[in-house]
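Chains Y and Z supply the protein sequences, listed in that same order. Sequential numbering of the first sequence, starting at 578, is according to our numbering. Sequential numbering of the second sequence, starting at 578, is according to our numbering.
Rather than coming from a laboratory, the hints here were simulated on the basis of the structure. We treat Cβ as the ideally placed atom computed from N, Cα and C, and that holds for glycine. Treat the hints with care, since some could be wrong.
Per the computed footprint, the stretches of chain Y lying under chain Z, defined by three or more beta-carbons under 8 Å from a beta-carbon of chain Z, are [what the hints assert, rightly or not]:
id, region
1, 595-603
2, 637-645
3, 668-674
4, 682-696
Protein chains: 2
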Amino acid sequence: MGAAAYARLRDAGLRPTRQRLELASLLFDGHPRGRHVTAEMLFAEARADGARVSLATVYNTLNQFTGAGLLREVVVEPGTSHFDTNTGDHHHLYFEDSGELRDVDADRIEIKGLPPIPRGAEVARVDVIVRLRRK
Amino acid sequence: MGAAAYARLRDAGLRPTRQRLELASLLFDGHPRGRHVTAEMLFAEARADGARVSLATVYNTLNQFTGAGLLREVVVEPGTSHFDTNTGDHHHLYFEDSGELRDVDADRIEIKGLPPIPRGAEVARVDVIVRLRRK
DNA sequence: CAATAGTTTAGAATAACTCTAAACTGCTGC
DNA sequence: GCAGCAGTTTAGAGTTATTCTAAACTATTG
Numbered sequence: 578m579g580a581a582a583y584a585r586l587r588d589a590g591l592r593p594t595r596q597r598l599e600l601a602s603l604l605f606d607g608h609p610r611g612r613h614v615t616a617e618m619l620f621a622e623a624r625a626d627g628a629r630v631s632l633a634t635v636y637n638t639l640n641q642f643t644g645a646g647l648l649r650e651v652v653v654e655p656g657t658s659h660f661d662t663n664t665g666d667h668h669h670l671y672f673e674d675s676g677e678l679r680d681v682d683a684d685r686i687e688i689k690g691l692p693p694i695p696r697g698a699e700v701a702r703v704d705v706i707v708r709l710r711r712k
Numbered sequence: 578m579g580a581a582a583y584a585r586l587r588d589a590g591l592r593p594t595r596q597r598l599e600l601a602s603l604l605f606d607g608h609p610r611g612r613h614v615t616a617e618m619l620f621a622e623a624r625a626d627g628a629r630v631s632l633a634t635v636y637n638t639l640n641q642f643t644g645a646g647l648l649r650e651v652v653v654e655p656g657t658s659h660f661d662t663n664t665g666d667h668h669h670l671y672f673e674d675s676g677e678l679r680d681v682d683a684d685r686i687e688i689k690g691l692p693p694i695p696r697g698a699e700v701a702r703v704d705v706i707v708r709l710r711r712k
């Protein structure tokens with residue numbers, strides 16, 4: 578299982594250090610694409626797993642992984658960032674009461690009528706967030 | 578100009594205090610629907626306008642206005658909340674480099690293929706954020 | 001395996017809020 | 001009109017999420 582994480586880091590041009598390997602393993606190994614974690618969640622999980630990692634490193638690593646295209650940052654609530662292991666084109670279902678986030682494939686969804694993009698700008702990405710509340 | 582703000586607060590069931598009137602005036606009077614402010618921005622504007630308001634009150638007021646349906650909270654970046662004077666059904670264009678936020682009428686946009694909503698949940702709202710970068 | 005460049009870390013620092021408890025102020029009712 | 005109270009405001013402390021700093025460590029390269 579370490580091998581996949583190792584290759585992933587290498588391919589992303591990140592030096593495969595002990596803590597990055599541990600975090601990459603936790604994030605990607607044995608989990609379906611589409612895990613959503615916050616820094617605190619991943620930190621707690623790493624600790625529970627016996628990994629010796631600092632919270633600062635978890636933050637650094639999440640940001641580096643995001644920069645390297647291994648993760649994607651999702652902002653749904655003020656105050657906390659979520660990171661998604663699914664970096665493909667997709668959208669989100671957000672359960673307001675539990676804070677749970679669930680992926681929705683982008684090719685299921687069709688968006689029509691987007692306004693003209695101003696000259697000099699280009700679309701970096703379109704985020705659709707369906708906010709759900711308990712009925 | 579004070580009259581509109583006064584009526585707006587009354588209709589929202591908020592006691593029209595000096596600071597609420599001032600903030601409501603700044604937010605709504607003489608501005609087209611669709612202003613986007615952060616707490617710090619509104620605080621600075623109020624100060625520049627000579628209003629005696631504390632930052633805590635700006636935060637409280639923005640939250641109360643949001644609760645009363647006078648404003649809508651928009652989360653696009655980690656770390657800061659934006660408040661939108663347009664409370665109608667609409668979406669956003671977000672300029673990543675400048676941080677500018679611009680409204681897009683919802684009836685221009687059509688979204689198809691949303692996944693089935695889980696039993697027991699209902700859609701509170703659908704947010705579409707078109708993130709733009711400089712080309 | 002030594003040098004070095006990139007990493008990690010504890011703890012301090014920052015940013016964006018929220019809370020607290022005391023001071024203040026609209027709004028009643030008389 | 002004004003006393004009195006419930007609702008507001010505020011300064012400053014507290015909290016939370018995150019970043020910074022500078023020293024200690026470690027993966028890679030020669």
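Now for the hints, and whether the structure bears them out:
1. 595-603: violated (count 0)
2. 637-645: Result for this restraint: violated, n = 0.
3. 668-674: Held - the region 668-674 of chain Y has 3 residues with a Cβ nearer than 8 Å to chain Z, which meets the minimum of three.
4. 682-696: holds (count 10)
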